[in-house]
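Chemist: Chain by chain, the residues:
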Amino acid sequence: MPVSLPQIDDRESDVPDQDWETVAATLARYVRARTSRHDLVEDVVQETLARLVQQGRQQKLVSVYALGFRIAANLLVDHHRRDRHYSTETEIDHASDAPLPDRVIAGRQELAALTAALDAMPPLRRDVFIRRRLQGQSCASIARDLALNLKAVEKHITRGLADLHRAVILANDAGNDGR
Amino acid sequence: MTRETQIAEDAALWVNRLDQPAIDTSASRAFDAWMAVDVAHRDKFTDLQALWHSDALIEALRQTVTASATSDLVTPSVTAPPWRKPVVWLTTTACALAATLVMLIPSLSPATYRTGIGNGRSIVLADGSQVALSGNSELRVRVLPWQRVATLVRGEAFFDVAHERWRPFLVRSGDTSVAVLGTAFNVDRQDATRTAVEVYRGAVALDAGQSDNLVLRKGDRARVVDDRITTQAPNPAAGATAAARPDWTAGWFEASDVPLSVLIAKVQRHSAKPIRLRDPALAALPVSGRFRVSNPARALNAIRGAYALDIRYGRSAILIAPSRADQGS
Numbered sequence: 001m002p003v004s005l006p007q008i009d010d011r012e013s014d015v016p017d018q019d020w021e022t023v024a025a026t027l028a029r030y031v032r033a034r035t036s037r038h039d040l041v042e043d044v045v046q047e048t049l050a051r052l053v054q055q056g057r058q059q060k061l062v063s064v065y066a067l068g069f070r071i072a073a074n075l076l077v078d079h080h081r082r083d084r085h086y087s088t089e090t091e092i093d094h095a096s097d098a099p100l101p102d103r104v105i106a107g108r109q110e111l112a113a114l115t116a117a118l119d120a121m122p123p124l125r126r127d128v129f130i131r132r133r134l135q136g137q138s139c140a141s142i143a144r145d146l147a148l149n150l151k152a153v154e155k156h157i158t159r160g161l162a163d164l165h166r167a168v169i170l171a172n173d174a175g176n177d178g179r
Numbered sequence: 180m181t182r183e184t185q186i187a188e189d190a191a192l193w194v195n196r197l198d199q200p201a202i203d204t205s206a207s208r209a210f211d212a213w214m215a216v217d218v219a220h221r222d223k224f225t226d227l228q229a230l231w232h233s234d235a236l237i238e239a240l241r242q243t244v245t246a247s248a249t250s251d252l253v254t255p256s257v258t259a260p261p262w263r264k265p266v267v268w269l270t271t272t273a274c275a276l277a278a279t280l281v282m283l284i285p286s287l288s289p290a291t292y293r294t295g296i297g298n299g300r301s302i303v304l305a306d307g308s309q310v311a312l313s314g315n316s317e318l319r320v321r322v323l324p325w326q327r328v329a330t331l332v333r334g335e336a337f338f339d340v341a342h343e344r345w346r347p348f349l350v351r352s353g354d355t356s357v358a359v360l361g362t363a364f365n366v367d368r369q370d371a372t373r374t375a376v377e378v379y380r381g382a383v384a385l386d387a388g389q390s391d392n393l394v395l396r397k398g399d400r401a402r403v404v405d406d407r408i409t410t411q412a413p414n415p416a417a418g419a420t421a422a423a424r425p426d427w428t429a430g431w432f433e434a435s436d437v438p439l440s441v442l443i444a445k446v447q448r449h450s451a452k453p454i455r456l457r458d459p460a461l462a463a464l465p466v467s468g469r470f471r472v473s474n475p476a477r478a479l480n481a482i483r484g485a486y487a488l489d490i491r492y493g494r495s496a497i498l499i500a501p502s503r504a505d506q507g508s
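Heads up: the sequence lines are chains A and B, in that order. My numbering numbers the first residue of the first sequence as 1 and each following residue consecutively. My numbering numbers the first residue of the second sequence as 180 and each following residue consecutively.
Hint data in this document are derived by calculation from the structure and do not stem from the laboratory. It cannot be assumed that every hint is accurate.
[What the hints assert, rightly or not] Here's a subset of chain B near chain A, in silico, CB distances under 8 Å, partners left out:
no., residue
1, THR181
2, GLN185
3, ASN195
4, LEU197
5, ASP211
6, ALA219
7, LEU227
8, ALA239
9, LEU349
10, ASN480
11, ALA481
Glycine residues also receive a C-beta, built at the ideal position from the N, C-alpha and C atoms.
Please take these sequences and the hints and turn them into a complete structure.
Modeler: Now the structure itself:
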């Protein structure tokens with residue numbers, strides 16, 4: 001679709017004054033949550049910052065955070081794709097690449113917590129959430145299909161996401177207490 | 180609502196808003212400003228964003244869909260196998276929904292406005308919105324308490340929509356739909372699967388049945404052919420003066436590389452006699468230029484010279500053929 005990156009304005013400017021340490025800390029938290037490979041965190045954050053600064057020199061960044069999260073997410077996808085490719089080709093079992101047993105258990109707990117929370121959701125909210133996240137429908141198109149107003153669709157998604165997150169936190173707390 | 184809950188909801192709202200192909204610049208700035216406020220904002224957003232992107236969430240959603248494939252769900256859509264093409268699936272849902280609406284509320288049946296050839300008309304809808312309907316056009320309008328829907332069955336219409344924050348205004352043209360965000364815009368249903376949209380004030384979201392919507396702002400134009408959206412350069416005729424209304428309301432059509440059949444359909448809106456193409460291959464002939472479609476003889480005369488066409492005014496129809504010099508036999 002011919003839409004340019006939304007976070008970029010065409011005006012020239014110097015790299016804006018930015019609290020890069022805060023940005024780095026925020027991105028690091030995101031990357032840590034997304035991957036079991038702790039050795040990746042530093043790399044991905046540094047690479048993201050480098051690209052942000054570079055982009056900022058060329059164009060004024062309208063949203064450092066929106067662009068930063070997008071770059072970091074793309075880099076993670078690249079890394080994981082490369083890992084998969086690498087391991088199937090060489091068939092060498094990298095001990096460091098395999099998730100730690102703790103991590104596997106945590107992953108299972110998280111999945112169970114999420115499915116339970118989805119089951120507990122009001123059916124309409126669950127439907128809206130599935131359409132948005134799994135099927136990638138836009139809010140406007142969900143609103144039209146379900147004859148809801150846009151605000152109501154957004155509300156279902158935000159409440160739903162907040163509920164799911166609460167469920168994950170509870171599950172993790174319970175898991176830690178048990179040990 | 181506690182402060183913590185409020186932050187969680189705001190953060191979730193941002194996660195949802197940022198997950199789309201285009202975000203306007205003011206929203207992006209607002210997002211950075213919100214993130215700058217407090218580490219609690221940043222942490223909450225980051226956690227929710229990581230969850231939104233996580234494989235675990237996708238897997239949980241998949242399992243939920245599979246598990247409930249046979250049980251009670253609000254709409255039939257989720258019961259459809261997830262591997263079905265989304266377009267097919269949307270249509271099915273839309274039909275089911277429309278059928279339900281018709282059954283539930285027969286009293287709120289749509290108003291239908293039709294115009295004859297050469298006779299455009301202005302309509303004021305129940306909500307105060309104004310519509311200029313071109314000749315040989317048909318528009319069905321349903322104003323409901325929660326939304327306003329106008330369906331362009333054929334022809335062309337210019338909408339000046341009364342802004343109501345809580346009640347969206349939707350224009351459908353075939354499988355294309357335009358969600359209005361308080362604004363003036365033109366929808367031209369050029370044929371069954373081809374629609375052109377141009378915005379004169381405010382913004383609209385264009386939906387061609389795929390998952391991504393395209394937001395069009397003042398001066399933007401886009402064309403949808405089947406389910407493909409193409410954006411176009413701003414209308415040169417609008418230029419610096421930034422026209423407030425489309426050309427056709429004054430009887431003109433600005434064509435930029437459109438099939439001859441589209442131009443003919445527009446002229447047809449003003450011609451009492453049917454216009455026929457002798458050679459069906461002519462329908463696809465690309466034409467460009469500014470045509471006075473409200474005056475069929477003048478418009479046809481303009482293409483006659485420019486595209487080497489032969490135009491014959493018969494008793495019951497106007498016939499268009501490649502000019503003889505061009506046929507080579």
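Chemist: Grab the minimum C-beta distance from LEU197/B to chain A and call the hint holds if it beats 8 Å, violated otherwise.
Modeler: Holds. Min distance 6 Å.
Chemist: Does GLN185/B pass the interface hint, meaning its C-beta sits closer than 8 Å to a C-beta of chain A?
Modeler: Not OK, violated: GLN185/B not within 8 Å of chain A, min 10 Å.
Chemist: Holds or violated: is the Cβ of ASP211/B closer than 8 Å to a Cβ in chain A?
Modeler: At about 5 Å, which falls below the 8 Å cut-off, the nearest Cβ of chain A leaves the hint on ASP211/B intact, so it holds.
Chemist: Grab the minimum C-beta distance from ALA481/B to chain A and call the hint holds if it beats 8 Å, violated otherwise.
Modeler: violated, 31 Å
Chemist: Holds or violated: ASN480/B as interface residue toward chain A, Cβ cutoff 8 Å?
Modeler: violated, 36 Å
Chemist: Closer than 8 Å between Cβ atoms is the bar; does ALA219/B clear it against chain A? Give me holds or violated.
Modeler: violated, 12 Å
Chemist: Hint check: is the beta carbon of LEU349/B less than 8 Å from a beta carbon of chain A?
Modeler: Hint on LEU349/B: holds, closest Cβ of chain A at ~6 Å, below 8 Å.
Chemist: Classify the hint on ALA239/B as holds or violated, based on whether any CB of chain A lies nearer than 8 Å to its CB.
Modeler: holds, 4 Å
Chemist: Classify the hint on THR181/B as holds or violated, based on whether any CB of chain A lies nearer than 8 Å to its CB.
Modeler: With a minimum Cβ separation of about 12 Å from chain A (threshold 8 Å), the hint on THR181/B is violated.
Chemist: With chain A as the partner, please determine if ASN195/B meets the hint condition of a C-beta pair closer than 8 Å.
Modeler: holds, 5 Å
Chemist: Taking the least C-beta to C-beta distance, is LEU227/B closer than 8 Å to chain A?
Modeler: Because about 6 Å separates LEU227/B from the closest Cβ in chain A, which is inside the 8 Å limit, the hint holds.
Consistency note: the structure conflicts with the earlier hints numbered 1, 2, 6, 10 and 11.
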